[in-house]
Amino acid sequence: MPRHSLAILLASLFITLSAPAGAVFKAPPTAKVEPGQAEPFCNSGAPPEWRQAQTIEGVTIQESRSCNPDNPNDIAAFVKGTNNISMETLMDTSNVAADTLTLTNDIDKDGDPDHYVIKLEIMEVNGHSPDFPGVVPTFDIAPGIQPSFWVFTPKSRDMSTRSFASAEANPLLRMPSPPIRVEQGDVVWLVVENSHYFPHSIHLHGVDHPFMDHSGEGNDGVGQTSEMDIMPGQSKTYVIRPRQAGTMYYHCHVQPHTHIAMGLAGMFIVEENRPNNWPQVFNIGAGQVRHPSAAVQEKFQQEYDLHYQSVDKELHSIPQSANDVRLVAKKMNQEYDMTDATDDYYLLNGRAFPYTLRESMITVSPNEKTKIRILNGHTEHLALHIHGHKATETHYDGVPMNPAAQVTRDVYSMAPAQRLDLALDTTNDGLHSFGSGLWMFHDHTEKAFTTDGMGEGGSISLVAYKDYVEENGTPKSHGMDLKPYFTKEFWQRKLPVWQDYMDGSLGPPAGTMDTKPGINSGNEIVPPQAQPTGATPSAGAVPSPSQDSGGGLFSGLLLGIAAYLLFQNREKLLALMGQLPLLNKPKQ
Amino acid sequence: MDKLNRSLLGAALFLTAGLGYTAEKSETLVEHNMLMNHGGGHLMDMDGGMVMGQNKETLPPGCGKISGDESITVRAGHKYAKDYPGTMFGFDTHEWRVKPCTRLTVTFINEDHIRHQWMMHGLPKFIYDKGMFHLEMTGPAKITGTLILPAEDRTYLVHCDIAQHMEKGMKGQLIVGKGSTPFPSIPGISDFTIPDDYGPKVADSVKLTPVAPVGSSASATTANPPSSGNNTFLLGMILGVIGTPLGIRYYRRRFEGMKGSQVFELLLNDLRSTVDKVIGFLTTLGGGAGKK
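Protein chains in written order, with the working numbering: chain A, 1 to 588; chain B, 1 to 292.
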């Protein structure tokens, strides 16, 4: 009892001494984090004339109000075929190969070619290098974010980067794999030249194709049922003559759970047959179709392709984690477990916000009709919502819906691999459109408007009325400064989102954050993406086994020496033990 | 109706033609020898055959005359990756040596059914556009180009620039005269700057002979996954048991007839040189990684 009261006395003494009367805890003041270097909104370097409406090689090309418009020479090559354009136009393309697209033979004499030979290659972007810690060739989905991707690309020529001095990928080498357009009833040879280091194939999901071609070769792209996969260095020709039009899908069917997710998937559109109809075979980076087909132009002023994809950063760091193709194969096929995976990045046409605004805005004028083709390439459900508009669903999975059953609504529900055609009407009647403006559109699944959980990111883009867009594609926004979104630091979670609001009341408490995170951002010697697997558990697991083995060797060595010495001196030891009283006891 | 029939017939013809096209996988080489000259040493044909930086006449500065004519043949394809495990594409040779001012004719044979390149960088830009000499085509095919090499001793990077082809094996170097700094990660010639981590070594499962039907299953589960730590531990132990007597014998001979202080000094010296060697080894490792 007396001991107890002594403790209480000491404790109260301590409290009075440590907290003098009158002093109240004061929280740390608000700090301000200096943002890193922000990129300009538009740094594509595209010549302004690329955005204009124009005619090249007799191909009419619509205006593009986009920061990063498609090269019009590419469009001319993809409409006329590389065999039907001048060498000068071919040289002005983004390194399109001379044999990428061969269009011949007007079989039905209706003024357009009916035999298409389309050549595809398979490329890796943001891949590994054994020579330096960065990735090559680079394709950024948002500032500083470079997951590796595998893509089908139109066959190209020359370097895979923009120049010897640049690590940036040639414009044809990018996400997503390009939408491919052909005409209904045409004979199409789809040649896949597997220039990648793994086996691949093409499965034409929803596109009318025979299971076997006329030569008796499998034509379905499925290794288990149709034909062997296309090995690295080999090529395969798929032969089709699609009888039905519609928005379809193509993807690799080798280890498809990872290969589709890695980017080997794209839209495949069969355009309705019309006389003198020259569809634009490739739409690089999806988005606006600057040369819509004859059938689309009958009902619509313009057309857009939207390809939604999701990315698990662990999966997309695997090709960056080793150079030995066998190690990459082991990690991809045996160690990665997709059933435990979660998606981190959400892409629209290969980019995340704010980069989506550079290429994937839908620019419209009032009283216009726009055809929008959408592919849900996510691993999960998509719930697309367009602010300020109610568009009409006309086709699901490429099949037209009964006009009486076509629904006009503002959330469009899509299962994975599903395609939806929308008719967007910009008539300001309070139903189809609420009028001019910058109207956001996005997947309404909340995590899809984040980038690795940082908002606002993900697959957000805008329906932008032309009076709200500059000539070079910059939206005239009326809200906050978009600069922080164009810094790497924002996506590295180093910028407090609300620090510039009001008087900084929602800034970070001093001492809780680095206030100069961008101080080395101009320093490109060791880029932050240099450690490709930095955030993945596999990287954390790497050092521990090697330490283990070293430790094992050393302790084994010590034990070995001890064992030898023990053996050599066993007689002395036994004698010593014999003298121990404890051991002698039982003898007595 | 007649028109439809005709179109169907035409389509059938083309589908059958497709047969011929896909079946055409014989290994006959297509020869790209009808190239169109587009000026500046840039030759091209409509099947994707390309020569860039062709130069048979213009002497680089410092070359009074062409020192000699040489020709090499380079074969490329997946086949040539087999000698270098972990790669996927390759050249049959990864290093070539020529004298300065040589006029070199390169015949490039691509044995795969995809594009490959033999691309050289770093040549003088006023003679060679973008400083490049470049051969490219889709195989199986053959293409030839010629260039005159500069007067300086230098080592030039040669590679296939298709994404990941250099990284996965298609890398070499052309050494003019005495050459200059060699390139890393050339199959069979130089190491990676960033080596791959193969992780701890995994041992094969060992078939166990069941001792008793009851206890066998339990012993199998404990003995089956031999962790790598155990393996190296075992290795260390064997080293210790065998190495200790050898070490003792060696030092006993060395120290024969020495005083205690002399022995101590000798041991200290040994230790110092070992530490020096370890540090030296580590710095060369670090230096190698920091170079690029």
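In short, the hints are calculated from the structure, not lab data.
There could be a bad hint or two in this list.
In silico SDA-like links for lysine to any residue, alpha-carbon gap of 25 Å or less [said to hold, decoys possible]:
| # | chain 1 | residue 1 | chain 2 | residue 2 |
| --- | --- | --- | --- | --- |
| 1 | B | K130 | A | K330 |
| 2 | B | K201 | A | G45 |
| 3 | A | K330 | B | V202 |
Pair ranges (Cβ atoms, derived) [to be verified]:
| # | chain 1 | residue 1 | chain 2 | residue 2 | range |
| --- | --- | --- | --- | --- | --- |
| 4 | B | G199 | A | M212 | 20 to 30 Å |
| 5 | B | K79 | A | D340 | 30 to 40 Å |
| 6 | B | K277 | A | S555 | 33 to 43 Å |
| 7 | B | V206 | A | T342 | 55 to 65 Å |
| 8 | B | D47 | A | D106 | 16 to 26 Å |
| 9 | A | A417 | B | V206 | 22 to 32 Å |
| 10 | B | K56 | A | S163 | 36 to 46 Å |
| 11 | B | S180 | A | A417 | 14 to 24 Å |
| 12 | B | F255 | A | D514 | 54 to 64 Å |
Even for Gly, the Cβ is constructed at its ideal location relative to N, Cα and C.
Taken at face value, is the distance from the CA of V202/B to the CA of K330/A at most 25 Å? 14 Å, holds
With respect to the beta-carbon atoms only, verify the hint that G199/B and M212/A lie 20 to 30 Å apart. Since the Cβ atoms of G199/B and M212/A sit about 43 Å apart, the hinted range of 20 to 30 Å is violated.
Tell me if the beta carbons of K277/B and S555/A are separated by a distance inside 33 to 43 Å. Because 23 Å falls outside the window, the suggested range is violated.
At the C-beta level, are V206/B and T342/A separated by a distance inside 55 to 65 Å? 39 Å, violated
Going straight from one Cα to the other, do K130/B and K330/A come out at no more than 25 Å? 39 Å, violated
A range of 16 to 26 Å was offered for this pair. Does it hold for the Cβ distance of D47/B and D106/A? Check passed, 23 Å falls within 16 to 26 Å.
A417/A and V206/B, beta-carbon distance inside 22 to 32 Å? Hint violated: Cβ distance 46 Å, outside 22 to 32 Å.
CB of K79/B to CB of D340/A, is that within 30 to 40 Å? 39 Å, holds
Beta-carbon spacing of S180/B to A417/A - inside the hinted bounds 14 to 24 Å or not: 54 Å, violated
Pair hint K201/B and G45/A, alpha-carbon separation not exceeding 25 Å: Violated - the C-alpha atoms of G45/A and K201/B are around 50 Å apart, more than 25 Å.
At the C-beta level, are K56/B and S163/A separated by a distance inside 36 to 46 Å? 26 Å, violated
Taking 54 to 64 Å as the stated bounds, is the beta-carbon spacing between F255/B and D514/A within them? 58 Å, holds
In summary, the numbered hints that this structure violates are 1, 2, 4, 6, 7, 9, 10, 11.
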